[in-house]
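Student: If you want the building blocks of each chain, they are given just below.
Number of protein chains: 2
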Amino acid sequence: MAALHDAVLAELDEVGLGRLTMEGIARRAGTPKTTLYRRWAAPEEVLLDAIAAAYPVEEPSPAADDLRGDLIAALELLLEWSRHPTARAVQAIMLERHRHPGLVERLQGVFDRSGRRFTATVLQHYARLGHVDPALVTPVVEEIGEALVFKHIVDAGEEPTRQRLAEIVDQAILPAVGIRPVGADY
Amino acid sequence: MAALHDAVLAELDEVGLGRLTMEGIARRAGTPKTTLYRRWAAPEEVLLDAIAAAYPVEEPSPAADDLRGDLIAALELLLEWSRHPTARAVQAIMLERHRHPGLVERLQGVFDRSGRRFTATVLQHYARLGHVDPALVTPVVEEIGEALVFKHIVDAGEEPTRQRLAEIVDQAILPAVGIRPVGADY
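In order, the protein sequences belong to chains A and B. The opening position of the first sequence corresponds to residue 1 in the UniProt record's numbering, with each subsequent residue numbered one higher. The opening position of the second sequence corresponds to residue 1 in the UniProt record's numbering, with each subsequent residue numbered one higher.
If you are wondering where the hints come from, they were derived from the structure by calculation, not from laboratory data. Note that the structure is predicted; figures quoted are calculated from it, not measured. Be aware that one or more of the hints could be misleading.
It does not matter which identical chain is meant; a pair holds if it fits inside one copy or across any two.
Claimed, not checked - Result set (SDA-like, lysine to any residue): computed pairs, CA atoms no more than 20 Å apart in a straight line:
(1) K33 / R164
(2) K151 / T31
(3) K151 / V110
(4) K33 / V15
(5) K33 / R19
(6) K33 / D49
(7) K151 / L103
(8) K33 / L4
(9) K33 / R117
(10) K33 / T21
(11) K151 / G109
(12) K33 / D6
(13) K33 / T121
(14) K151 / A92
(15) K151 / E76
(16) K151 / R106
(17) K33 / S82
(18) K151 / P101
(19) K151 / E105
Could you put together the complete structure from these sequences and hints?
Tutor: Here you go:
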């Protein structure tokens, strides 16, 4: 499975989404095409499967009760994922969304079903614990951290430092859920 | 001037940043190349000039004293700008930043000199008036609105509605500067 996932990602990098074929994936993996068809109906299915398999699982640490630390860890996990070949695959699907609308929807389904949404997972966990007002954990607030990390990568052309991640948590996410960290030390 | 700006943007759309030439711009504008060289030393200069000319000017309305309304207006101005051909030019420069590092720096210079930075302009204006704690207007906070708008465009493949812009202001930007709107009505 991992070899087939690697093959579809490598093939995508080389030929692009529009020219992804079962033949190409099979050739690259050194596997008969029939093996692929036994599991998947189309090359897009192989790709979605590879993306789902690589999507990281966050583990909020309930025992620690450390909202700030868990938010920073969630953004670090996002950075880690953004270095994986599947992050490029997701970007490719997004950039060609007008040519592949169904694929974008199914990709969203992969993310939703996995329930793995970085800072949103952490915020909802602490809302369930009663440490954060659930009414403040809105779709907009769930995206603040990810949006600021992506903007930093695009504008600066490099990943934010750990200090920048802490600033994003202290100055943007925590205030949005009604928490103003006092004397945060940078 | 406007005709030459249009020409460089149209030429960029067609041939890309790496193959932008004075010849191509002149041909498209129906102008002798010498006219271009009288004003600019290289095709990138024409492009930067076109971007600078189109960059919008925000006008915070000091008399109105309406921080929330001015923030929403700043995000609407950002959307308006994102539809202009120069926004595509800026994106092209960002995407090819590794091939043109000097150009990205000079582009940043254009933005900084113009002092036109959407929500940042508004936040700094109200900080000067003493209505917002200047210590809270950090580089991270200045980017919250723009980051959430960009993420929405990438994820949803369409512009945020005016209601979404209001939610971004009420749920993310205002709390970050210590203001929690009460009973915001969506």
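Student: Decide, hint by hint, whether the structure agrees.
Tutor: Hint check:
1. K33 / R164: Neither, since 47 Å and 46 Å both go past 20 Å.
2. K151 / T31: neither (40 Å within a copy, 39 Å between copies)
3. K151 / V110: between (24 Å within a copy, 18 Å between copies)
4. K33 / V15: The answer is within: 18 Å in one copy meets 20 Å, while 39 Å across copies does not.
5. K33 / R19: Within one copy only: 16 Å inside, 41 Å across.
6. K33 / D49: This pair counts as within: shortest intra-copy Cα distance 17 Å, inter-copy 54 Å.
7. K151 / L103: between (24 Å within a copy, 19 Å between copies)
8. K33 / L4: Result: close within a single copy only, 11 Å intra versus 54 Å inter.
9. K33 / R117: This pair counts as neither: shortest intra-copy Cα distance 34 Å, inter-copy 53 Å.
10. K33 / T21: within (10 Å within a copy, 47 Å between copies)
11. K151 / G109: between (24 Å within a copy, 18 Å between copies)
12. K33 / D6: within (16 Å within a copy, 50 Å between copies)
13. K33 / T121: The answer is neither: 38 Å in one copy and 58 Å across copies each exceed 20 Å.
14. K151 / A92: The answer is both: 18 Å in one copy and 15 Å across copies each meet 20 Å.
15. K151 / E76: both (15 Å within a copy, 18 Å between copies)
16. K151 / R106: So K151 and R106 pass the 20 Å test across copies only (19 Å; inside, 25 Å).
17. K33 / S82: neither (30 Å within a copy, 44 Å between copies)
18. K151 / P101: Answer is between: at 18 Å across copies they meet the 20 Å cutoff, but 24 Å inside does not.
19. K151 / E105: between (23 Å within a copy, 16 Å between copies)
Of the numbered hints listed earlier, those contradicted by the structure are 1, 2, 9, 13 and 17.
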